[in-house]
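Engineer: Residue-level listing of the chains:
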Amino acid sequence: MADPRFYSSSGPFSLKALAELSGAKLNTGADSGVMIRDVAPLERARPEELSFLDNVKYLQSFQDSEAGACIVRSRHVDRAPHGMALLISGNPYRAYALVAQAFYPVLPSSGRISPSANVAQTAEIGTGSEISPGAVVGEYVRIGANCRVDANAVVGPGVEIGDATVIGASVSLSHSIIGARVTIHPGARIGQDGFGFAIDPAGHVKVPQLGRVLIHDDVEIGANTTIDRGSGPDTEIGAGCWIDNLVQIADNVTLGEGCVIVAQAGVSGSTKLERQVVAGGQSGFAGHLTIGAGARVAAKCGVIQDVPAGATIGGTPAQPIRDWHRQTVLLRRMVREKEKRSDG
Amino acid sequence: MADPRFYSSSGPFSLKALAELSGAKLNTGADSGVMIRDVAPLERARPEELSFLDNVKYLQSFQDSEAGACIVRSRHVDRAPHGMALLISGNPYRAYALVAQAFYPVLPSSGRISPSANVAQTAEIGTGSEISPGAVVGEYVRIGANCRVDANAVVGPGVEIGDATVIGASVSLSHSIIGARVTIHPGARIGQDGFGFAIDPAGHVKVPQLGRVLIHDDVEIGANTTIDRGSGPDTEIGAGCWIDNLVQIADNVTLGEGCVIVAQAGVSGSTKLERQVVAGGQSGFAGHLTIGAGARVAAKCGVIQDVPAGATIGGTPAQPIRDWHRQTVLLRRMVREKEKRSDG
Amino acid sequence: MADPRFYSSSGPFSLKALAELSGAKLNTGADSGVMIRDVAPLERARPEELSFLDNVKYLQSFQDSEAGACIVRSRHVDRAPHGMALLISGNPYRAYALVAQAFYPVLPSSGRISPSANVAQTAEIGTGSEISPGAVVGEYVRIGANCRVDANAVVGPGVEIGDATVIGASVSLSHSIIGARVTIHPGARIGQDGFGFAIDPAGHVKVPQLGRVLIHDDVEIGANTTIDRGSGPDTEIGAGCWIDNLVQIADNVTLGEGCVIVAQAGVSGSTKLERQVVAGGQSGFAGHLTIGAGARVAAKCGVIQDVPAGATIGGTPAQPIRDWHRQTVLLRRMVREKEKRSDG
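Protein chains in written order, with my numbering: chain A, 1073 to 1416; chain B, 1073 to 1416; chain C, 1073 to 1416.
FYI, nobody ran anything at the bench for these hints, they're computed from the structure.
Check before you lean on any hint, since a few could be wrong.
Any copy will do: because identical chains look the same in the list, a pair fits if it lies in one copy or spans two.
[Unchecked claim] Each computed EDC-like pair below joins lysine to aspartate or glutamate, with the alpha-carbon atoms no more than 16 Å apart: (1) K1412 to D1136; (2) K1129 to E1115; (3) K1410 to D1395; (4) K1412 to D1395; (5) K1129 to E1329; (6) K1278 to D1289; (7) K1129 to D1378.
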């Protein structure tokens, strides 16, 4: 059970209800009327709780689990402990997500504007939006309905924010237009000057940054991530992108819809990721590149050329991941063979 | 045109005035009295606006541009669309920077100390300096003239700040002496304890960090960058350095004048970068090294030895970039040849 | 001498007292009654000050130093300048740490709750704890005795904090249980949602994150580091861990006791580091791995498989560091030989 200091469950739900809302199919013989009180990890789940099996690394935990019900792929049905009810799904993690959202829906905004917040007189705050203590909302800001601006966040002058968006604690925003249902986690920095200057041995010359950051709907941005505004063009984050913690997005970068950027990755100025690109942790992209739709970039990969749509790449400099693996293997073998010859 | 929610232009300026302030030369036949209303990217510029061509990747955009005027190198003059006025410069990006600064000068500080700021009674704030809501200024702080301390920034006890310096939103400073015309972007952390402890299986022992951070004039420090104070010696950032977002500068590091450190790079304790070193994105430096003046370090490079002045290095462990590229090429070729033999 | 704007010394101490508290042995002939006024780096130490020699890179500075006393290993005693008193120790850095702690003890909390802090009525603050201006302390928070919550920090609802813990400026905490004597440096983000979503081309589906962050006693967490809460299980940081700046710790990660994680390293979800693992700067760990006790991971290493206890690994993908070095050497040699043949 989730710690009641931090969470409260909306359960119970019947197995039938959970099957319906998650699109999963209840296994034959299971009692669809059984009430499930909560979700829990396989190792900790109790008989009145539901868990899920997605990664086969945890097959043993599944077989040992005391969970009353579990979401699984059809191929793992046979491995279930006796008496466990099964919700069968082609994408157990997605089905679990929907179940867990039912038990733990996003808390509604309190609609309260704290007297300790600093809200400019010209700012417009939509109905139902909550502004927490210490938050600073600048002149001519427009915030939609049912938003949350958490403690000590700073929303700079002129920024616009759509409905049901969450601005986390200590975030700073400026020069930005933010969509609806966006979540920005604590400490993210959005809209500051890009790294724009002309190199000059007599003293580098700053280039005024005159663009914005545009963040479309349903985007998630991780803690302490930085997104610089455009230099003239805009920096743009497409709808449904998920960006992890400590990611750097430079000026004029554009991400297409549904990109996934894992922690500590960095994208240099004016590079374009088309839709559904996945960038692994600590990967890096040089500037002025185009990364084709659906490309997959391995963790730590260093990308210095355009990447075709659908490609999977790895290594530094980046190359097709199969080539990179073969080079790794060949080099290891050459060292081993050389050592054998020295020993022989 | 830049979004008027965030920017207001000081234009128009005549082509003659722009040529003069940028050091560029107007092409023969251009009408020096034409008034330019704004700057804009090549793709979006209108006939009364000025753009620039610096990176040849954008040559096609230049040829298609409707900009009324453009800053270019002399070798691209022939490629200009008919009727476009040209400002010819050996360094178009630098010339554009000066033009854009004319259109969009740095806004003067309001000189207002917000009643919602927390300023210690013993702090001295210079004339014309602005302290925003939620900012906290500690005991015995000294802030020069015409500075800005943005919302929710924290300036710790005893810190000194020169004239016309900007401390961004949610920045924290302690144990630091900061020069004039420095810009510290949101969320940067400057002056906290370095990572100083003696490893001990019975419990690592903390080493009190007794130095400072010295930041000289005209430095720019990126969002969420961290600069630890010295352990006894100081950590020191030379005049005119540009440091990007999410960079780590450890205790006792010294950067000479005019260094450029790109996003997510990290410099370990007591390493010295001499003047004008350029460190690429996600590059890393081991501790106690000396990197010679003007050295250029490729993105993602892992530097574990001293680097001679003027060298260009890449790879991990770092080596002359030419050697690194040859190794990459050789290894790729060996795999291809091996595969051919297997196929044959 | 440390800058009096930031530090005040508790000295002087006699050499005898310093030898006792550091466990070092005074060299024969030294006058144990001599009073030492302060600590200082070798290059700057004056005759009434004490320094230390730990890294042989600084042997010349030791020989040239004017320090009145120095902590050294027995093998360097002969290299001391004439007249310098020596404190002989098997671990000079640890001994120096203890001496420096005597001169510069951690300042006691003022015990003052600032009227500009926002403390919820249901929060419990232990005796002697200090809450600084702009700090926000949520409902049902419990803070132990003699803690410090620095300016503009945000402690979310329900969080518990042990005695003598320091929460730095602009830190945000939520969904966390924090031990005693923990130090969290400015801007760290602890307890936010992990990067949990089910990938779906029709729109990624958020997975509610229902776990916590557990931080045990005597942990140090660097500036702008991010630690996501668990997804159901908890994220857990063992006692005595030291985590540097800009580190990413993902959901469900567990670190055993005494791990050391250097700046900009990243650990992906559900990976377990057993006790005393050392992870170098910018190293990265894939998810769902086990890294055995005492393993040492080189800077920039990319770990994609389990690592046995005690192993030392490097490279990407990670391998035993000796193998990695040999591959590097072999590849360099092959290029050189190929070039010789081309020249010949």
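Engineer: Evaluate each hint against the coordinates.
Structural biologist: How the hints compare with the structure:
In this assembly of identical chains, K1412 and D1136 lie within 16 Å of each other by CA distance neither inside one copy nor across copies; the values are 46 Å within and 49 Å between. In this assembly of identical chains, K1129 and E1115 lie within 16 Å of each other by CA distance solely inside one copy; the values are 13 Å within and 51 Å between copies. For a Cα distance limit of 16 Å, the shortest separation of K1410 from D1395 across copies, 12 Å, qualifies, whereas the shortest one inside one copy, 22 Å, does not. Only between protomers do K1412 and D1395 lie at most 16 Å apart by alpha-carbon distance; the minimum there is 14 Å, versus 26 Å within a single protomer.
Taking identical chains as interchangeable, the C-alpha atoms of K1129 and E1329 are never at most 16 Å apart, the minima being 31 Å within one chain and 25 Å between chains. Taking the closest pair of Cα atoms, K1278 and D1289 come within 16 Å of each other only across two copies (14 Å); inside a single copy the shortest separation is 32 Å, beyond that limit. In this assembly of identical chains, the alpha carbons of K1129 and D1378 lie at most 16 Å apart only when taken from different copies (13 Å versus 35 Å within one copy).
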